[in-house]
Amino acid sequence: DTAVSQTPKYLVTQMGNDKSIKCEQNLGHDTMYWYKQDSKKFLKIMFSYNNKELIINETVPNRFSPKSPDKAHLNLHINSLELGDSAVYFCASSQDARSDTQYFGPGTRLTVL
Amino acid sequence: QQQVKQSPQSLIVQKGGISIINCAYENTAFDYFPWYQQFPGKGPALLIAIRPDVSEKKEGRFTISFNKSAKQFSLHIMDSQPGDSATYFCAAKKTGTASKLTFGTGTRLQVTL
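The listed protein sequences derive, respectively, from chains A and B.
The numbering of the first sequence is the numbering used here, which starts it at 1 and goes up by one.
The numbering of the second sequence is the numbering used here, which starts it at 1001 and goes up by one.
It should be emphasised that the hints constitute simulated quantities derived from the structure, not laboratory data.
In this text the structure is predicted, and so the values were computed from the model without any measurement.
Careful, some of the hints might be misleading.
BS3-like cross-link-like pairs, simulated, lysine-lysine; straight-line CA separation at most 27 Å [what the hints assert, rightly or not]:
(1) K41(A) x K1071(B)
(2) K71(A) x K1005(B)
(3) K44(A) x K1068(B)
(4) K1068(B) x K1094(B)
(5) K1005(B) x K36(A)
Which chain B residues stay away from chain A? Per the calculated CB distances, all over 12 Å, these [as the list claims (entries may be wrong)]:
(6) S1007
(7) Q1009
(8) I1018
(9) A1024
(10) D1031
(11) F1066
(12) K1071
(13) D1079
(14) Q1081
(15) A1098
(16) K1100
(17) T1107
(18) V1111
By construction, the Cβ of each residue, glycine as well, lies at the ideal position given by its N, Cα and C atoms.
Work the whole structure out from these sequences, hints included.
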């Protein structure tokens, strides 16, 4: 009965590889987000989708591509992984694009070797 | 540029003491100020939030104090408990569609016995 779930929880990969992180929410929310938390714990938004439509796109390398097959899922695909991509990635959701409260998933720790 | 500045970076408080974390913001358009609590290995979770129309909001042992003229707000944890040991993030947002949460840099709180 997890509200916002992510898979995998840990991801270890080599530089140059392509990887995906999946996110699903069962809250019936319209809006989903991807955040990156760096080694200093700083949280920064990357993307937001509302009903499968991209509404926030921060300055993120185009190696990062979000995909929303439906409003309950928001996946993050990363091409040509670099050392600096190592971080914890959090998915979150909110009732709609105007809602203030966001519900976060447990995070995916990505380590690029 | 860091739009929400948070201090201190870390805090050690004895059980039963008061924990105080401060945040300052720059953008006067912000009108929603939440605090998130993050335990190790977990995603951030909303703890308490305030809007600028009130100067204080209390929920149990947690209180937000808000000073609109100084553009500052703080979290007070009364009777701090070891279970409160976590990282706390302040954040700010302006109401509206596709408006993003801007987080502070986090405060790692340790409550000792």
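Quick rundown of the hints versus the structure:
A distance of roughly 24 Å separates the Cα atoms of K41(A) and K1071(B); the hinted pair therefore holds under the 27 Å criterion. The straight-line distance between the Cα atoms of K71(A) and K1005(B) is roughly 33 Å, outside the 27 Å bound, and the hint therefore fails. Proximity of K44(A) to K1068(B) is assessed by CA-CA distance (about 24 Å); at most 27 Å being required, the pair is judged to hold. Of the pairs offered as hints, the one joining K1068(B) and K1094(B) holds, with about 14 Å between alpha carbons and a cut-off of 27 Å not exceeded.
Straight-line distance between C-alpha atoms of K1005(B) and K36(A) comes to about 18 Å, which keeps the hinted pair within the 27 Å bound. Non-interface status of S1007(B) relative to chain A is upheld: no Cβ of that chain comes within 12 Å, the nearest being about 14 Å off. The Cβ of Q1009(B) sits about 9 Å from the closest Cβ of chain A, inside the 12 Å cut-off, so the non-interface label is violated. Annotated as non-interface, I1018(B) keeps its C-beta farther than 12 Å from every C-beta of chain A; the closest such distance is 23 Å.
No beta-carbon of chain A comes within 12 Å of the beta-carbon of A1024(B); the shortest separation is about 16 Å. Listed as outside the interface, D1031(B) is inconsistent with that label: its C-beta sits roughly 9 Å from the nearest C-beta of chain A, within the 12 Å cut-off. For F1066(B), the requirement that its beta carbon stay farther than 12 Å from each beta carbon of chain A is met, with the minimum near 15 Å. The Cβ of K1071(B) sits about 19 Å from the closest Cβ of chain A, beyond the 12 Å cut-off, so the non-interface label holds.
The Cβ of D1079(B) lies farther than 12 Å from every Cβ of chain A, with a closest approach of about 26 Å, so its non-interface assignment holds. A cut-off of 12 Å between C-beta atoms confirms that Q1081(B) is not in contact with chain A; the least separation is 22 Å. Not every C-beta of chain A lies more than 12 Å from that of A1098(B), the closest at about 4 Å, which undercuts listing it as non-interface. Distance to chain A contradicts K1100(B) as a non-interface residue, since its nearest Cβ pair spans about 5 Å, not more than 12 Å.
Interface exclusion of T1107(B) from chain A breaks down, the closest Cβ pair being 10 Å apart, not more than 12 Å. The Cβ of V1111(B) sits about 18 Å from the closest Cβ of chain A, beyond the 12 Å cut-off, so the non-interface label holds.
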